[in-house]
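Colleague: Each chain, letter by letter, is given below.
2 protein chains.
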Amino acid sequence: MPEAASAQAIRAAIGDSEFDRDTALTAREPGVYDIDLSAGWTITNAVNGGYLLAVLGRALADALPHPDPFTVSAHYLTASQPGPAVVRTETVRTGRTLSTGQASLFQFDEQGNEVERIRVLASYGDLDSLPDDVRTTAAPPALPPMDQCFGPEDGPAPVDGSSEIAGRLMLKLDPSTLGWALGKPSGKGEMRGWFGLADGRDPDPLALLLAVDALPPTAFEMGLTGWVPTVELTVHIRCRPAPGPLRVSITTRNLAGGFLEEDAEVWDSAGRLVAQSRQLARVRL
Amino acid sequence: MPEAASAQAIRAAIGDSEFDRDTALTAREPGVYDIDLSAGWTITNAVNGGYLLAVLGRALADALPHPDPFTVSAHYLTASQPGPAVVRTETVRTGRTLSTGQASLFQFDEQGNEVERIRVLASYGDLDSLPDDVRTTAAPPALPPMDQCFGPEDGPAPVDGSSEIAGRLMLKLDPSTLGWALGKPSGKGEMRGWFGLADGRDPDPLALLLAVDALPPTAFEMGLTGWVPTVELTVHIRCRPAPGPLRVSITTRNLAGGFLEEDAEVWDSAGRLVAQSRQLARVRL
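In the order they appear, the protein sequences are chains A and B. Residues 1 to 285 in full-length UniProt numbering are what the first sequence lists, from first letter to last. Residues 1 to 285 in full-length UniProt numbering are what the second sequence lists, from first letter to last.
So that you can see chain A by itself, here it is in the shape it has in the complex (with noise of 0.2 angstroms):
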């Protein structure tokens, strides 16, 4: 594959990229930390909820004795807006294989008080530390190959191309979900496609905490429009992902009473599941 031969040569490292860069945090005192939220990932100005896990999830790695997020539950509480930001931690126990912490994200309203944006609460391990064991009944999302998917690059903007977010992913989208982005929404919960940091950057961890969020709503496809708001999304990361591109795959089964629960599944390039997520988000009727 030349592409990617050529990809691998500009490819941004870890530790050494746009995603590492704006979600570092500088540490205040121990478990307080500071950041100036980046308006790279904002979708129609709102900062989108997967990058504030991930700056969430690189705070509790620092404060907490172990490195890996296994299970990280956010309820969203007030939309996030690009510029400077708080984060407090508190370890709630420390146990030989996992520890649970918490913390919250704050900004600042116009008299310099604290709002708070969205809280977590989350338990670490150390995925290296894992037995290899998988006995999984799920299979990889049947996928078109990268170059006959869709993204915000491709033309008339299936993706939002307002959203600033689209120019730091590399985000493929699988035709047979993209319906609504031509008027024709098949009516169906799913959203699929291939999901990498645009500069290159393998994923990681805390990069698995912005793949199941990144996608366009499954909403689209239901025929809605409009801003879906997250009230609550907590994702399970069950593997280190192995270098290349991401696979996504999101399905809603259940929308009723103007919410929708949105599942994401994230496979790696070595077809093994990395990460599952479950969302309940809001919908305008």
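Take the hints with a grain of salt, since some may be wrong.
Note that the list lumps identical chains together, so a pair holds whenever it fits in one copy or between two copies.
Heads up, simulated SDA-like pairs for lysine to any residue below, C-alpha to C-alpha not over 25 angstroms straight-line [unchecked claim]:
1) Lys-184 <-> Thr-136
2) Lys-188 <-> Asp-132
3) Lys-184 <-> Glu-153
4) Lys-188 <-> Pro-131
Keep in mind the hints are simulated off the structure, nothing from the lab.
With chain A fixed as given, assemble chain B onto it according to the hints.
Modeller: This is chain B only, laid out in the frame that chain A set:
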């Protein structure tokens, strides 16, 4: 159905049942509650995680301005025992349609120090305020009629008879997910059955918090034995359940690295999907 009519005659009312008495809290001060965890909800001496979730859910229903749990995320820290406990709540955010709270349940070590057992983040609303729209592609599980399903009272203990909780529940399991009880697990990560409270109390949102963690672990049908401790469990309550028995379906797609997820769907007697949950649990291989 003569059985249903007869059961109705002796049915305990919501608010006056074993479940209500055993989840009743005494306010010590605003937002802080005492409770004596009942030994009636134990499984091989540990207090059931769904019962604990209902206790915390009830505390937050009292502390928050909205009555119903919409989404509750719990991280289980240490195993709870029957006996005294204290629940401490915090109101995180109050909105017009949703409010978010946090709650922790503590017990006491030999020196009387508080030891945290479980911490939850939860967003509450009013289920009765939701619009009636339903667009679901999910279908209720295909379950045999209740009289063709099996519970602990039906013979050689298909459900562990040493567990006190068995006497509090009406649990009738689909025989096609009971191979493990006969020494012949199917190898599939599935567990299905009818669920109710033994005293006939009808389900409400708090009882749904119990229902999602009440069936035997899917790990049994995957050929594993022993305790499958929950690390994290998130439940979404999607609809107020109609009176009558619930159908519960649990599936596991990914057992890997010593962990598995259990996805529960709960359907009410009116055929509506009333709750969805996912937990991450540990297995011993």
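Colleague: Are the hints correct? Go through all of them and say.
Modeller: Evaluated hints:
no., hint, verdict
1, Lys-184 <-> Thr-136, "between (35 angstroms within a copy, 19 angstroms between copies)"
2, Lys-188 <-> Asp-132, "between (35 angstroms within a copy, 20 angstroms between copies)"
3, Lys-184 <-> Glu-153, "within (20 angstroms within a copy, 54 angstroms between copies)"
4, Lys-188 <-> Pro-131, "between (37 angstroms within a copy, 21 angstroms between copies)"
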